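Peer 1: Chains L and G, in that order, are what the protein sequence lines are. Its first residue numbered 1, the first sequence is counted upward by one per residue in the working numbering. Its first residue numbered 1, the second sequence is counted upward by one per residue in the working numbering.
There may be inaccurate statements among the hints.
[To be verified] In silico BS3-like cross-links for lysine-lysine, where the CA-CA straight-line distance does not exceed 27 Å:
| hint | chain 1 | residue 1 | chain 2 | residue 2 |
| --- | --- | --- | --- | --- |
| 1 | G | Lys269 | L | Lys107 |
| 2 | G | Lys168 | L | Lys105 |
| 3 | L | Lys72 | L | Lys105 |
| 4 | G | Lys375 | G | Lys168 |
| 5 | G | Lys168 | L | Lys107 |
| 6 | G | Lys320 | L | Lys105 |
[To be verified] Going by beta-carbon spacing under 10 Å, a handful of chain L positions derived as facing chain G:
| hint | residue |
| --- | --- |
| 7 | Tyr8 |
| 8 | Met18 |
| 9 | Asp19 |
| 10 | Leu23 |
| 11 | Ile30 |
| 12 | Thr55 |
| 13 | Ala74 |
| 14 | Gly85 |
The set of hints was computed from the structure by calculation and includes no laboratory data. Here the structure is a predicted model, which is why all the values come from computation and not from measurement. All C-beta atoms in this analysis are idealised placements derived from N, C-alpha and C, irrespective of residue type, glycine included.
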Amino acid sequence: MRNINFGYGISRPRVINMDNNDLRKSNAIIAEMPELQACIGCGSCTASCTAGNLTDFNFRKLHTSVRRGEYKGAYEELSKCMLCGKCRLVCPRGINTRGLVMLIKRKLGDF
Amino acid sequence: MDDILLYFAPFTIPFVVGTLFLFIAVGVKWVLWLMRLPRVDKLLIRRGIFTRQTLIAVWEVIRESLLHVRIFKHNPVLGYMHASLAFGWFLLIAVGWIETTVYLGADFVPLQGHVFFKYFAPHLALQEHYAVFEQLMDALLLIVLSGVMLAWFKRLRSKALGMRRTTKHVLFDRIALSALWFVFPARLVAESLTVAVYGGGGFLTGSIGGWLAEVVPADVLAMVYEPAWWFYSCALGVFFVAMPFSRYMHILTEIPLIFLRRWSLRPNKERRSYDNFEVEACSRCGICIDPCQLQADLGLNDTQSVYFLRDRRYNMLSLKIANNCLMCGRCEAKCPVGINLNTLRLNSRAKRRNIPHEGRYRYLQGIDRSSGMGKVGYFAGCMTSLTPAVQRSMERIFEAAGEEVWYADRDGGVCCGRPLMLSGETDAARKMMESNRALFRKHEITTLVTSCPICLKVFKEEYHLEGVEVLHHTEYIDRLIAEGRITPKSDNTAYTYHDPCELGRGCGIYDAPRRVIGAVGKLAEPKHTRRDALCCGSSLANTVINDGQQLRIAQRMTAELEATGCDTIVTACPLCNKAIARAATRPARDIAEIVAKNIE
Numbered sequence: 001m002r003n004i005n006f007g008y009g010i011s012r013p014r015v016i017n018m019d020n021n022d023l024r025k026s027n028a029i030i031a032e033m034p035e036l037q038a039c040i041g042c043g044s045c046t047a048s049c050t051a052g053n054l055t056d057f058n059f060r061k062l063h064t065s066v067r068r069g070e071y072k073g074a075y076e077e078l079s080k081c082m083l084c085g086k087c088r089l090v091c092p093r094g095i096n097t098r099g100l101v102m103l104i105k106r107k108l109g110d111f
Numbered sequence: 001m002d003d004i005l006l007y008f009a010p011f012t013i014p015f016v017v018g019t020l021f022l023f024i025a026v027g028v029k030w031v032l033w034l035m036r037l038p039r040v041d042k043l044l045i046r047r048g049i050f051t052r053q054t055l056i057a058v059w060e061v062i063r064e065s066l067l068h069v070r071i072f073k074h075n076p077v078l079g080y081m082h083a084s085l086a087f088g089w090f091l092l093i094a095v096g097w098i099e100t101t102v103y104l105g106a107d108f109v110p111l112q113g114h115v116f117f118k119y120f121a122p123h124l125a126l127q128e129h130y131a132v133f134e135q136l137m138d139a140l141l142l143i144v145l146s147g148v149m150l151a152w153f154k155r156l157r158s159k160a161l162g163m164r165r166t167t168k169h170v171l172f173d174r175i176a177l178s179a180l181w182f183v184f185p186a187r188l189v190a191e192s193l194t195v196a197v198y199g200g201g202g203f204l205t206g207s208i209g210g211w212l213a214e215v216v217p218a219d220v221l222a223m224v225y226e227p228a229w230w231f232y233s234c235a236l237g238v239f240f241v242a243m244p245f246s247r248y249m250h251i252l253t254e255i256p257l258i259f260l261r262r263w264s265l266r267p268n269k270e271r272r273s274y275d276n277f278e279v280e281a282c283s284r285c286g287i288c289i290d291p292c293q294l295q296a297d298l299g300l301n302d303t304q305s306v307y308f309l310r311d312r313r314y315n316m317l318s319l320k321i322a323n324n325c326l327m328c329g330r331c332e333a334k335c336p337v338g339i340n341l342n343t344l345r346l347n348s349r350a351k352r353r354n355i356p357h358e359g360r361y362r363y364l365q366g367i368d369r370s371s372g373m374g375k376v377g378y379f380a381g382c383m384t385s386l387t388p389a390v391q392r393s394m395e396r397i398f399e400a401a402g403e404e405v406w407y408a409d410r411d412g413g414v415c416c417g418r419p420l421m422l423s424g425e426t427d428a429a430r431k432m433m434e435s436n437r438a439l440f441r442k443h444e445i446t447t448l449v450t451s452c453p454i455c456l457k458v459f460k461e462e463y464h465l466e467g468v469e470v471l472h473h474t475e476y477i478d479r480l481i482a483e484g485r486i487t488p489k490s491d492n493t494a495y496t497y498h499d500p501c502e503l504g505r506g507c508g509i510y511d512a513p514r515r516v517i518g519a520v521g522k523l524a525e526p527k528h529t530r531r532d533a534l535c536c537g538s539s540l541a542n543t544v545i546n547d548g549q550q551l552r553i554a555q556r557m558t559a560e561l562e563a564t565g566c567d568t569i570v571t572a573c574p575l576c577n578k579a580i581a582r583a584a585t586r587p588a589r590d591i592a593e594i595v596a597k598n599i600e
């Protein structure tokens with residue numbers, strides 16, 4: 001078995017001050033896809049990810065950061081996604097992850 | 001000049017103005033659309049125009065634009081309703097023209113002279129043999145009126161005419177529709193009044209006219225006679241003015257569309273001027289509404305092809321409507337105009353694509369995790385990696401057949417690109433396609449087998465793999481059985497087969513899977529099957545509906561499969577398999593699984 005980065009690991013200690021983060025885009029994303037709040041952060045999306053299997057790409061980490069208002073580099077990172085849709089099939093909360101990828105890109109990028 | 005004055009009456013003005021407006025508006029549209037065609041399309045026209053295709057197109061115009069054979073095939077009552085209006089009206093015009101020519105000779109008669117002949121020449125009624133025309137025209141008018149009656153009735157009770165739902169119309173459609181409904185009753189009234197005043201008339205106008213002459217005083221008749229003709233002319237005028245902006249533009253758009261199609265113009269992944277012909281050829285008949293499972297199962301009433309085309313035509317298409325489609329192709333299979341609904345939906349999404357930046361998918365460079373040495377390549381596909389049983393079964397079958405196989409993506413591979421294409425990012429998808437194509441070329445495979453119909457379709461349509469035969473695993477297994485390379489044993493298990501959209505309507509593969517199932521057990525067909533098969537609801541083309549909605553579609557469709565009383569549900573798509581498995585009460589298997597199980 002190949003080593004798959006499930007998105008768990010030792011992260012460097014850091015502090016996010018939510019008061020300093022601009023949550024407008026994050027709120028807009030959640031408003032359009034409220035089911036995202038049902039995410040339990042299990043990481044199944046990342047584990048099944050076709051792109052994540054080939055390169056350093058972690059969808060769980062990414063949408064969690066975006067929800068917290070950490071948008072830096074998120075759009076570029078999301079461009080690695082191939083939109084194959086496996087994550088949607090494995091999501092135990094039934095979140096429309098493909099729609100979410102497109103939604104985040106639309107809100108953060110140059111659509 | 002005298003002729004024109006002879007055939008002039010003030011009441012004809014609305015009709016004449018309306019007709020002129022119609023010809024100018026339609027002419028401008030046609031010329032603009034044709035001028036804006038890209039050079040490749042113009043070349044196709046130049047190549048096609050002097051070939052047999054043009055004659056075939058003429059025949060198709062007669063069949064489809066006049067007789068409407070395809071609507072008849074879909075539903076005879078609807079077909080009669082439409083043909084009685086369209087073909088009946090055409091005959092009224094044609095016979096009316098012959099009528100005037102017979103009685104006035106070849107002299108020039110202005111348009112309104114033909115249309116309002118009865119008004120201008122009531123004295124002809126006394127001529128010899130004229131009764132033949134009177135009876136004929138009355139019969140035609142009666143046929144058209146029967147169509148109008150059916151159309152009225154359809155608005156009240158659409159189910160009686162075989163449609164559960166009919167289209168909700170926009171303002172221009174309502175204006176044009178109302179005007180059209182009034183045209184023929186108005187004609188009946190105007191002609192009957194003329195008969196009442198001057199005599200003559202066929203079985204219809206003659207009887208009504210005679211009756212009117214008896215019960216209505218002569219001075220009242222003289223008073224309403226002129227206004228009746230005014231009303232008829234106004235109804236025609238309003239209809240013609242509204243026509244280019246309403247659904248009735250389809251009457252005049254379908255004709256050039258048929259020609260262009262015969263000259264092999266097609267809509268493409270990118271929007272082109274040709275699309276205008278397809279979009280405006282939609283008559284908004286609403287036949288696409290009933291087959292749509294988003295309507296039937298989820299009650300969504302704004303996203304069906306008829307509304308999508310309407311929104312696109314009037315430039316009010318929202319991202320949500322464009323994306324909210326399973327692209328299962330059930331409506332496309334039923335469209336009486338033969339509009340390429342899926343392609344148009346796809347290129348509506350393409351307009352909104354982001355431009356892929358240079359570095360996008362750079363990580364794909366040099367990726368090769370394939371294994372094996374065979375000339376037969378097996379591309380499982382992303383979804384198949386979530387159904388490992390399918391992959392294992394295929395390996396078993398390959399082994400049993402003694403096939404040496406090159407496994408393209410057993411240890412992870414690059415997506416085929418179709419999911420990205422389906423969401424309109426055509427340019428970005430191309431990077432994935434190039435990566436996979438390079439891989440296939442590098443390993444010099446001659447046959448490419450895939451277990452995923454989504455991949456299959458894009459391999460066939462976009463990859464241009466000359467020299468490589470692209471097969472779905474059902475076709476491949478079918479071939480192995482036919483060649484005697486594997487001999488699965490047959491038992492009495494009752495199977496029912498679900499046609500995956502991309503495999504059936506998408507690639508036209510219906511028989512191979514059925515032959516394979518027939519070789520291992522008994523096959524029972526569900527109610528909707530083959531070209532009419534239902535979608536599992538999990539289609540990658542739809543990014544709008546949520547999980548619960550997907551499940552509801554899957555449940556309805558699975559219930560139909562289970563109604564056959566089968567032991568096992570069989571499908572040939574890993575995505576359909578997943579969708580059915582969670583809605584079914586009995587096992588859902590891939591064809592590869594049931595074959596592998598029955599190999600000694």
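Peer 1: Are the hints correct? Go through all of them and say.
Peer 2: The hints, checked one at a time:
At roughly 25 Å between alpha-carbon atoms, Lys269(G) and Lys107(L) fall within 27 Å of each other, so this suggested pair holds. Taking the CA atoms of Lys168(G) and Lys105(L), the gap is about 34 Å. The hint is violated against a cut of 27 Å. At roughly 12 Å between alpha-carbon atoms, Lys72(L) and Lys105(L) fall within 27 Å of each other, so this suggested pair holds. Pair hint Lys375(G) plus Lys168(G) does not hold up; C-alpha atoms about 55 Å apart against a cutoff of 27 Å.
As the CA atoms of Lys168(G) and Lys107(L) are separated by approximately 33 Å, the hinted pair breaks the 27 Å bound. Proximity of Lys320(G) to Lys105(L) is assessed by CA-CA distance (about 15 Å); at most 27 Å being required, the pair is judged to hold. The beta carbon of Tyr8(L) is not positioned within 10 Å of any beta carbon in chain G (closest approach about 20 Å), and the interface hint is therefore violated. Checking Met18(L) against chain G by beta carbon gives a least distance of about 28 Å; that is not within 10 Å, so the hint is violated.
For Asp19(L), the shortest C-beta to C-beta distance to chain G is roughly 32 Å, which exceeds 10 Å, and the interface hint is violated. Using the Cβ-Cβ criterion of 10 Å, the hint placing Leu23(L) at the interface with chain G is not satisfied: the shortest such distance is roughly 23 Å. Against a cut-off of 10 Å between C-beta atoms, the interface hint on Ile30(L) is violated, since the closest Cβ of chain G lies about 14 Å away. With 10 Å as the threshold, the beta carbon of Thr55(L) comes within range of chain G, its nearest partner Cβ sitting at about 4 Å, so the hint holds.
With a least beta-carbon distance of about 14 Å to chain G, the hint placing Ala74(L) at the interface is violated under the 10 Å criterion. Look at Gly85(L): its Cβ gets to within about 5 Å of chain G, closer than 10 Å, so that hint holds up.
When each numbered hint is compared with the structure, violations occur for hints 2, 4, 5, 7, 8, 9, 10, 11 and 13.
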